[in-house]
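Construct the complete structure from the given sequences, taking the supplied hints into account.
Those protein sequence lines, which keep their order, are chains A and S.
Letter 109 of the first sequence, counting from 1, is numbered 109 in our numbering, and no numbers are missing.
Letter 58 of the second sequence, counting from 1, is numbered 58 in our numbering, and no numbers are missing.
There could be a bad hint or two in this list.
Derived DSS-like pairs (lysine-lysine); straight-line CA-CA distance at most 30 Å [unchecked claim]:
(1) S:LYS255 with A:LYS237
(2) A:LYS237 with A:LYS210
(3) A:LYS210 with S:LYS210
No lab work stands behind these hints: they were computed from the structure.
Here the structure is a predicted model, which means the values were calculated and not measured.
There are 2 protein chains.
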Amino acid sequence: MAKSSVREEQPAGEDLRQEIEKIAMAAREASHRLAGLDSETKNALLEEMAKGLEEGREEVLAANRADVEEAKRSGIGGALLDRLTLNESRVRDMVSGLREVKALPDPVGEIEGMQRRPNGLMVGRMRVPLGVIGMVFEARPNVTVDAAALCLKSGNAVILRGGSEARRSNAILATILQRALRKFDLPGAAVTLIPTTDRAAVTLLARQDKYVDVLIARGGEGLIHTLEQEATVPLFKHGKGVCHTFVDARADLGKAGEIVFNAKVHRPGVCNAMETLLVHEQIAGVFLPGISARLQKAGVELRGCEKARAIVPGMLPATEEDWAAEYLSLILAVRVVPDLNAAIAHIRRYGSLHTEAIVTEDYSIAMRFLREVDASAVLVNASTRFNDGGQLGLGAEIGISTQKLHARGPLGLRELTSTKFVGLGNGQIRS
Amino acid sequence: MAKSSVREEQPAGEDLRQEIEKIAMAAREASHRLAGLDSETKNALLEEMAKGLEEGREEVLAANRADVEEAKRSGIGGALLDRLTLNESRVRDMVSGLREVKALPDPVGEIEGMQRRPNGLMVGRMRVPLGVIGMVFEARPNVTVDAAALCLKSGNAVILRGGSEARRSNAILATILQRALRKFDLPGAAVTLIPTTDRAAVTLLARQDKYVDVLIARGGEGLIHTLEQEATVPLFKHGKGVCHTFVDARADLGKAGEIVFNAKVHRPGVCNAMETLLVHEQIAGVFLPGISARLQKAGVELRGCEKARAIVPGMLPATEEDWAAEYLSLILAVRVVPDLNAAIAHIRRYGSLHTEAIVTEDYSIAMRFLREVDASAVLVNASTRFNDGGQLGLGAEIGISTQKLHARGPLGLRELTSTKFVGLGNGQIRS
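Put into structure tokens, the structure is as follows:
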């Protein structure tokens with residue numbers, strides 16, 4: 001659908017357009033209130049939300065059961081159903097998630113790089129909220145709570161658009177959060193859940209550039225591609241992770257085995273799991289047989305290049321599609337490469353700028369990999385699984401951005417803020 | 001024009017589309033070379049460019065004379081003609097601009113916030129170039145040289161699209177810069193000037209999201225609006241500046257007079273010049289007569305609200321349009337407001353998030369203004385003219401961004417970079 005034709009081609013959607021615009025305007029209005037809150041008030045609000053969620057857990061579980069039953073009836077199963085399903089323990093995780101965000105330092109109001117200019121003017125950059133954050137996500141209802149907590153703590157209003165499968169769960173969660181807002185005499189529009197499951201609502205939200213400052217898109221490639229084409233609101237893309245580990249000729253093969261196994265097997269369904277293993281040809285013959293057996297024993301299907309298959313006979317052949325694949329499951333592509341340059345060239349061609357790792361004891365090779373490989377995180381002698389807000393010291397995160405502008409890598413509280421220059425003068429003028 | 005219809009509706013433009021894509025691809029390729037250059041090489045390249053420009057100044061002036069003659073024939077005059085015109089002194093300014101950028105510290109490779117995680121993994125954020133920067137600008141040919149210098153120093157390739165009036169001047173400047181690139185055996189695609197003056201080229205460039213990382217738009221509201229609607233490449237908007245100065249009841253009226261006069265008169269045609277003066281009603285009767293006379297003597301036309309006109313009888317009445325106007329000339333809107341809240345509300349309603357200043361000796365009022373007013377720069381007791389890369393300590397700038405994401409305020413070298421997380425481990429895995 002073309003950007004400018006949304007309105008003309010969909011006269012039936014005019015009501016929806018007006019509804020989304022109203023939501024966005026109200027969120028903008030609420031954002032001015034939120035920007036002025038001090039940390040103590042925001043922390044007390046998050047505590048109130050945590051308590052509300054503890055008290056309301058039966059309501060949440062009941063709504064979730066209804067979502068899960070409908071999902072089962074419509075044939076949803078496996079990982080998707082698992083992500084949709086809440087239980088006592090998952091609700092407790094949401095509650096402790098709220099308290100974790102409460103405990104994080106508030107970035108708003110910080111002033112960085114304050115300096116005295118030659119004319120005596122003091123200048124620095126003050127952290128300020130972005131304003132209004134739109135958040136489009138899929139089935140997991142806990143994202144409703146996590147995203148709201150991070151947005152509120154950083155002084156932003158948030159407009160949430162969850163998956164339709166979780167609509168009852170999301171609705172009751174939003175209601176509980178809004179009860180807490182009311183107790184603090186704050187506008188409910190500080191956290192809005194878009195009530196309709198009409199898919200057009202996403203595109204309409206993505207065009208509210210007058211009122212929405214950024215849209216965080218967590219979803220499949222189709223969603224992200226549509227938003228890239230249609231959005232006039234800037235996007236933070238939580239893109240796919242085609243992550244590599246390169247085991248260099250001078251790798252410590254003990255470390256390499258642990259890192260490769262961890263990167264693939266620890267949690268294969270997440271974006272920072274390894275999808276392709278690159279092995280230097282000088283050590284492929286020594287390294288591949290052992291790690292292959294260990295991975296296969298853990299249920300990993302291996303798909304290799306010709307050279308890898310010559311070393312590990314049981315390996316299936318990898319096709320061109322395998323090098324670009326984000327499996328998100330127990331499948332691993334394996335390629336033997338002649339040197340560091342070939343590894344970097346492979347990553348540049350097939351990587352998704354998410355997470356890249358090298359295992360080597362060679363200092364110069366490590367430094368070259370660190371400098372020349374472009375990705376949101378580049379790691380030496382560590383598992384790709386470390387590209388994560390908690391692991392990198394940011395605390396809770398709202399997603400991992402694979403783009404270069406504003407925020408790259410895990411999106412924590414600081415990434416949900418902007419800065420403004422502040423100047424403290426005593427009468428300075430330009431001459 | 002709708003985003004997705006560019007190709008279908010303009011079969012005649014297919015050649016142009018292919019040409020722009022080819023330019024973008026070549027720039028992406030060149031960007032990998034540039035990202036790997038050390039500061040010494042980049043500085044030597046900038047020095048070579050400075051020398052080339054000194055030696056080629058006759059070529060530049062001849063090309064510029066042809067542009068100026070054509071502009072005169074087509075009826076262009078005044079400020080536009082002035083901005084287009086080069087002379088010996090302006091060429092010297094470009095040469096020294098190159099040397100100023102050469103002298104600035106190179107942000108690429110810096111690592112910020114390196115910390116040791118509990119598991120021993122060292123993590124920090126390394127500054128890296130953005131990659132490929134598109135730059136769309138209007139008549140001033142010096143932007144060609146300034147933009148190229150800043151992009152190259154920060155390790156980026158740049159694609160330039162200047163105004164058609166300056167096409168001969170821009171072409172010879174780009175040729176001179178490319179001669180220097182060749183001497184260093186660097187690809188000419190590191191600095192490309194889009195040769196055609198076809199306006200469709202701008203939209204086509206704005207859709208090369210596969211190869212271009214950001215588009216900097218310096219131009220009129222029409223250009224920026226079109227790009228907001230059509231671009232799939234992220235934008236840095238050099239938006240308009242409707243800048244205010246609020247003279248509070250507790251202002252030092254001596255400072256206030258100097259600051260107001262400077263903000264309006266020092267250089268009225270630039271974006272950080274003041275366009276509206278807000279005056280607290282308690283001091284309006286004392287302050288307005290003197291400053292009005294001084295401004296009028298300097299040729300400033302005053303347009304005021306009822307209360308201001310009651311104090312300064314010669315003042316024209318201000319209309320609703322005046323409050324939103326970016327005059328860029330010797331006109332000033334004047335409004336008397338009852339208090340700080342009214343001043344902040346006026347700025348929120350009519351301001352363009354560019355530069356806002358207060359004059360006051362009241363500490364609490366100053367702090368509230370600093371915190372509650374949202375703009376790329378907020379100043380206390382200083383002229384709005386200080387929102388400038390040089391004045392804020394950033395060195396040379398490529399524009400002033402009025403958006404909140406990635407870069408807000410003057411765009412210096414650091415704003416032309418991104419970061420990547422780097423992790424130095426010794427075998428860490430997630431458990």
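Cross-check of the supplied hints:
With a C-alpha separation of about 47 Å, the suggested pairing of LYS255 (chain S) with LYS237 (chain A) is violated against the 30 Å cut-off. Taken as a hint, the LYS237 (chain A) and LYS210 (chain A) pair is honoured in the structure, with Cα atoms around 20 Å apart against an allowance of 30 Å. Of the supplied pair hints, the one linking LYS210 (chain A) and LYS210 (chain S) holds, its CA atoms being roughly 26 Å apart against a limit of 30 Å.
When held up to the earlier numbered hints, the structure conflicts with hint 1 and nothing else.
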